[in-house]
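**Q** Required output: the full structure, derived from the provided sequences and hints.
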Amino acid sequence: MTSSPRRIIILGATGTVGVRALQIIEESPVEWQICAVSAHSQGQQLGSLVSSSTAQYLTSSSSEHQSLIELLRTGDYDICLNAIVGAAGLPFSEAVLSAGCDLALANKESLVMAGAILMPLAAKNSATIVPVDSEHSAIFQCLNGEDAPIKQLFLTASGGALRDMPLDELASATPEQALAHPNWSMGPRITIDSATMMNKAFEIIEAHWLFGVDAAQITVLIHRQSVIHSMVEFIDGSVIAQLGPPDMGFPLHYALHYPTRQKSTLNGFDASLFSELSLRQPEDARFPALALAHQAIEAGGDAGAVLNAADEIAVEAFLAGDISFADITMLCEGALHNCCADSCDTIDDVVAADQRSREYCKKQLSFA
Numbered sequence: 001m002t003s004s005p006r007r008i009i010i011l012g013a014t015g016t017v018g019v020r021a022l023q024i025i026e027e028s029p030v031e032w033q034i035c036a037v038s039a040h041s042q043g044q045q046l047g048s049l050v051s052s053s054t055a056q057y058l059t060s061s062s063s064e065h066q067s068l069i070e071l072l073r074t075g076d077y078d079i080c081l082n083a084i085v086g087a088a089g090l091p092f093s094e095a096v097l098s099a100g101c102d103l104a105l106a107n108k109e110s111l112v113m114a115g116a117i118l119m120p121l122a123a124k125n126s127a128t129i130v131p132v133d134s135e136h137s138a139i140f141q142c143l144n145g146e147d148a149p150i151k152q153l154f155l156t157a158s159g160g161a162l163r164d165m166p167l168d169e170l171a172s173a174t175p176e177q178a179l180a181h182p183n184w185s186m187g188p189r190i191t192i193d194s195a196t197m198m199n200k201a202f203e204i205i206e207a208h209w210l211f212g213v214d215a216a217q218i219t220v221l222i223h224r225q226s227v228i229h230s231m232v233e234f235i236d237g238s239v240i241a242q243l244g245p246p247d248m249g250f251p252l253h254y255a256l257h258y259p260t261r262q263k264s265t266l267n268g269f270d271a272s273l274f275s276e277l278s279l280r281q282p283e284d285a286r287f288p289a290l291a292l293a294h295q296a297i298e299a300g301g302d303a304g305a306v307l308n309a310a311d312e313i314a315v316e317a318f319l320a321g322d323i324s325f326a327d328i329t330m331l332c333e334g335a336l337h338n339c340c341a342d343s344c345d346t347i348d349d350v351v352a353a354d355q356r357s358r359e360y361c362k363k364q365l366s367f368a
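Mind the numbering: the sequence shown is residues 1 to 368 in my numbering, read in order.
In short, the hints are calculated from the structure, not lab data.
Predicted model only: the values in this text are computed from it and were never measured.
C-beta atoms are modelled at their ideal positions from N, C-alpha and C, and glycine is treated no differently.
There may be inaccurate statements among the hints.
Across the chosen pairs, the derived CB separations fall in these ranges [said to hold, decoys possible]:
id, residue 1, residue 2, range
1, A291, D168, 17 to 23 Å
2, D342, E276, 23 to 29 Å
3, N125, L319, 34 to 40 Å
4, R6, M330, 44 to 50 Å
5, S275, L167, 25 to 31 Å
6, A123, A352, 21 to 27 Å
7, G100, G268, 48 to 54 Å
8, N125, H65, 20 to 26 Å
9, S366, L279, 41 to 47 Å
10, G268, Q295, 36 to 42 Å
11, G237, L319, 39 to 45 Å
12, L277, K362, 42 to 48 Å
**A** Structure follows, in structure tokens:
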């Protein structure tokens with residue numbers, strides 16, 4: 001007896017992750033029913049990307065924002081992939097979890113900004129958040145079926161495009177240099193965040209919420225080869241790691257098919273990838289953004305939302321040539337120290353913090 005197709009909604013379908021997800025779905029189209037797809041401003045591309053004649057085509061822009069939220073709240077689907085970039089993805093994650101549907105989460109900002117709200121919401125409505133980030137997917141897989149208490153999580157990081165640049169040259173690094181990632185093909189913001197390691201700072205916050213561990217239990221290691229995607233150390237000292245080629249197709253395929261594993265066309269084990277595996281501690285002077293994650297977790301409340309908003313503004317300014325590479329982290333640190341409120345109990349509070357941080361950063365940039 002054949003099972004019914006899995007009903008899916010894809011948000012951010014024209015981005016790097018969304019396009020890759022559609023390619024995976026097209027490999028086994030009978031397994032899927034694409035209920036709806038969305039893009040922010042490239043809605044005209046959706047028809048060429050999706051062959052399904054039953055899918056709704058929507059944009060997440062202001063004109064169709066509410067229609068998309070209402071569709072997600074119906075719960076008339078099995079899983080939603082949120083591949084929207086940035087703070088804009090938060091309300092859609094909240095709508096999916098409110099409906100009690102499973103969420104394949106590539107939009108890490110949702111948990112960075114509102115993990116204290118979204119995790120209880122998922123538990124309340126029996127919804128599963130399956131991470132799409134390669135590091136969190138790795139930890140999720142390492143913990144699957146394990147009841148043993150966690151001693152430590154190890155998040156690996158390539159070190160980004162500027163990992164070998166002399167420290168005294170970092171401040172003057174150009175956008176072109178910072179965008180030349182050695183291992184991964186990603187969008188511009190996440191590639192710059194990889195160079196500053198702000199992306200890893202966000203992943204520390206994301207792991208804190210997803211796996212219920214303190215910041216002190218999360219260690220970042222530089223792993224140049226991007227083959228060890230992350231590791232878990234249990235209280236008995238045993239370590240489980242998840243390994244594979246640096247290809248977003250693997251965590252995406254896992255998230256879309258969870259809780260089962262299905263055959264894929266991805267290139268699997270290749271011994272040549274494992275001929276040299278290195279791990280080392282990151283340099284504090286090279287990656288000051290990492291410390292901001294611990295500050296944000298300690299501060300609690302809306303600190304994650306403040307930090308994310310500041311980074312969005314800072315990266316945009318850097319790519320436009322308005323600030324230096326070093327200024328990205330400095331602007332984020334300033335926002336974290338000047339924009340946080342005492343409490344953050346609702347999504348409206350999160351949105352207010354986001355706006356407060358953006359206004360602060362734009363004001364600082366006007367003085368630059």
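**Q** Each of the hints needs a verdict: does it hold here or not?
**A** We went through each hint and held it up to the structure:
For the pair A291 and D168, the beta carbons lie near 20 Å from each other, so the given range of 17 to 23 Å is met. Between D342 and E276 the CB atoms are about 49 Å apart, so this pair departs from the stated range of 23 to 29 Å. Distance hint check for N125 and L319: the Cβ-Cβ separation is about 38 Å, which falls inside the suggested range of 34 to 40 Å. Judged by the Cβ atoms, the range 44 to 50 Å given for R6 and M330 holds: they are separated by roughly 45 Å.
Judged by the Cβ atoms, the range 25 to 31 Å given for S275 and L167 holds: they are separated by roughly 29 Å. Against the hinted window of 21 to 27 Å, the Cβ-Cβ separation of A123 and A352 comes to about 25 Å, which satisfies the hint. Look at G100 against G268: about 34 Å separates their beta carbons, and that is not inside 48 to 54 Å. Between N125 and H65 the beta carbons are some 22 Å apart, a value that agrees with the proposed interval 20 to 26 Å.
Evaluation of the 41 to 47 Å hint for S366 and L279 yields a pass: the beta carbon distance comes to about 43 Å. A hinted range of 36 to 42 Å holds for the C-beta pair G268 and Q295, which are about 40 Å apart. In this structure the hint that G237 and L319 lie 39 to 45 Å apart at CB holds, the actual value being about 44 Å. Here the CB-CB span from L277 to K362 is close to 43 Å, well matched to the stated 42 to 48 Å.
Comparing the model with each earlier hint shows violations of hints 2 and 7; every other hint is respected.
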